[in-house]
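Visitor: For reference, the chains in residue letters:
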Amino acid sequence: MTRFPDTWAFRSPRARLAIWFGWLCLVALFVYCWQVMTANTIWMFIWDAPRQAADIGERMFPPRLSYLPELLIPLWDTLNMATLGTLLGVILAVPIAFLAARNTSPSVLILRPIALFIIVASRSINSLIWALLLVAILGPGLLAGIIAIGLRSIGFIGKLLYEAIEETDIRQIEAVTATGACPAQVLNYGIIPQILPAFWGITVFRWDINIRESAILGLVGAGGLGLKLQASLNVLAWPQVTMILVVILATVVLSEWISAKVRQAII
Amino acid sequence: MTSYPTTWRRPPQIVTDRRWRIALLVAVLAYLVIGLGSVEVNWARIVEGGERGMRFVQGFLQPDFTSRWKDISNGLNESLTITLTSTVVGVAISIPIGIGAARNLAPAWVYYICRSIIALSRALQEVIIAIFLVAMFGFGPFAGFLTLSFATIGFISKLLAEDIEDIDEAQAEAIRATGASWLQLVHYAIQPQVMPRLIGLSLYRLDINFRESAVIGIVGAGGIGGTLNTAIDRYEYDSAGAILLIIIAIVMVAEYSSSYLRKFLQ
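Chains as they are written, first to last, in numbering that gives the first Met the number 0: chain A, 0 to 266; chain B, 0 to 265.
Simulated from the structure, these hints should not be mistaken for lab results.
Treat each hint with caution, since some may be false.
These stretches of chain B come out as covered by chain A in the derived footprint (C-beta under 8 angstroms, 3 or more residues) [unchecked claim]:
1) 21-27
2) 82-92
3) 119-127
4) 214-223
5) 226-238
6) 244-256
In this text, all values refer to a predicted model and were calculated from it rather than measured experimentally.
Where is the CB? At the ideal position from N, CA and C, for every residue including glycine.
Kindly generate the complete structure, drawing on both the sequences and the hints.
Guide: Shown next, in the form of structure tokens:
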């Protein structure tokens with residue numbers, strides 16, 4: 000007769016030991032990283048932080064409402080930057096997505112890896128870094144911001160779109176092919192109707208993200224609300240900073256609401 | 000006899016009313032004219048920048064890793080350590096908040112408090128938080144660590160709370176039927192169901208935190224972003240190219256290894 004243990008345990012002793020060892024490694028790594036990170040930290044500043052926070056908080060209120068009219072043009076610039084940047088990103092991302100999708104790529108061996116590399120490179124560099132580079136090359140202004148937003152959007156739109164293309168229903172494409180359609184017609188009547196809702200959903204979602212990002216691109220000189228934020232921070236005009244933050248928050252909430260509504264309507 | 004059309008046109012998919020379609024088209028065109036008109040392009044400056052752009056492309060093709068290696072490795076060390084510590088601390092704080100923000104586990108007042116913490120953390124951009132934390136805590140990686148921990152809380156708690164709300168209720172009920180306390184319920188019914196996804200999310204957030212740590216350095220919160228900013232400000236495009244290539248390489252390695260690990264765990 001087999002003997003069963005008297006008490007029930009969640010896991011076998013070996014699994015418990017392995018998990019315990021995993022946690023030990025994580026804690027050790029954390030402590031080591033903490034030591035490296037705080038090696039040059041001046042702790043006096045850190046203990047001083049609550050007082051600084053109270054000081055800044057006191058200066059920030061009330062927000063300077065009379066600053067609002069000056070913010071309307073930067074706000075318009077920010078919206079333009081996000082919208083035109085999204086447009087640029089879409090125009091560049093659609094061909095790349097078709098090159099990257101396994102079922103539509105003309106050459107899986109050469110063009111697909113290149114398209115995938117473009118997508119990863121664009122995704123791994125934040126739009127603020129793109130803007131930093133483009134401001135150095137093109138000079139400060141909206142154009143640098145638009146191109147930065149566009150370049151960053153390629154990766155996001157391209158990745159989601161090529162996944163949508165790979166998930167299309169093969170039977171519909173076969174049905175269109177069976178009528179004797181040429182490749183362009185297969186694309187137009189077989190694939191595009193299937194990915195269109197996903198395409199609009201992705202675009203609106205990215206537009207919403209781009210509004211958030213374009214609000215701060217001005218920090219590196221790319222125009223819009225960020226430029227005003229930087230100017231106000233430089234002269235320590237905290238009531239103006241609060242006002243700008245309120246405007247940014249309102250825009251973000253509004254754009255998120257619009258994007259949620261549109262996506263609900265489409266999908 | 001009814002006459003059938005001889006050609007077929009694809010019916011519209013999204014906006015079905017013809018008048019609305021035309022109105023939308025006109026509105027979009029009008030916006031494009033106004034929007035593109037508001038972009039001021041200084042062609043002289045761009046032509047001048049063309050040469051600089053070529054130099055940057057050259058720097059990207061022939062990156063210079065050696066002459067600034069000390070600064071680059073310093074920045075990388077800071078970025079990597081910030082990434083790990085902030086992810087660990089952020090996830091540790093977001094577990095109780097995530098449990099509190101799940102409607103099926105927490106009473107209403109806890110639910111609303113936790114949801115508002117999540118909304119606050121998600122509404123503000125990392126860079127804006129970083130500006131304030133740098134003003135409070137001084138320049139350096141500590142401000143970056145706090146920024147990324149704060150941003151991690153919003154991300155992980157929200158997704159964890161949604162995951163807890165989606166669990167299989169039958170398992171929770173079975174544990175409850177044995178007379179388990181609330182803590183035992185969380186330990187034996189909830190934790191086994193959400194753990195694989197929580198680990199996946201944490202790995203994904205590790206990846207995001209590294210990317211963000213490259214950005215918040217621009218406003219003075221430590222890490223590789225500061226080094227990059229300095230390199231671009233000094234027009235050392237070959238060093239900037241090297242830094243960007245390192246960032247892309249690390250992000251690619253992190254992305255592939257984290258997706259591999261997630262597949263392995265699930």
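Visitor: Broken hints, numbered, in rising order?
Guide: 1
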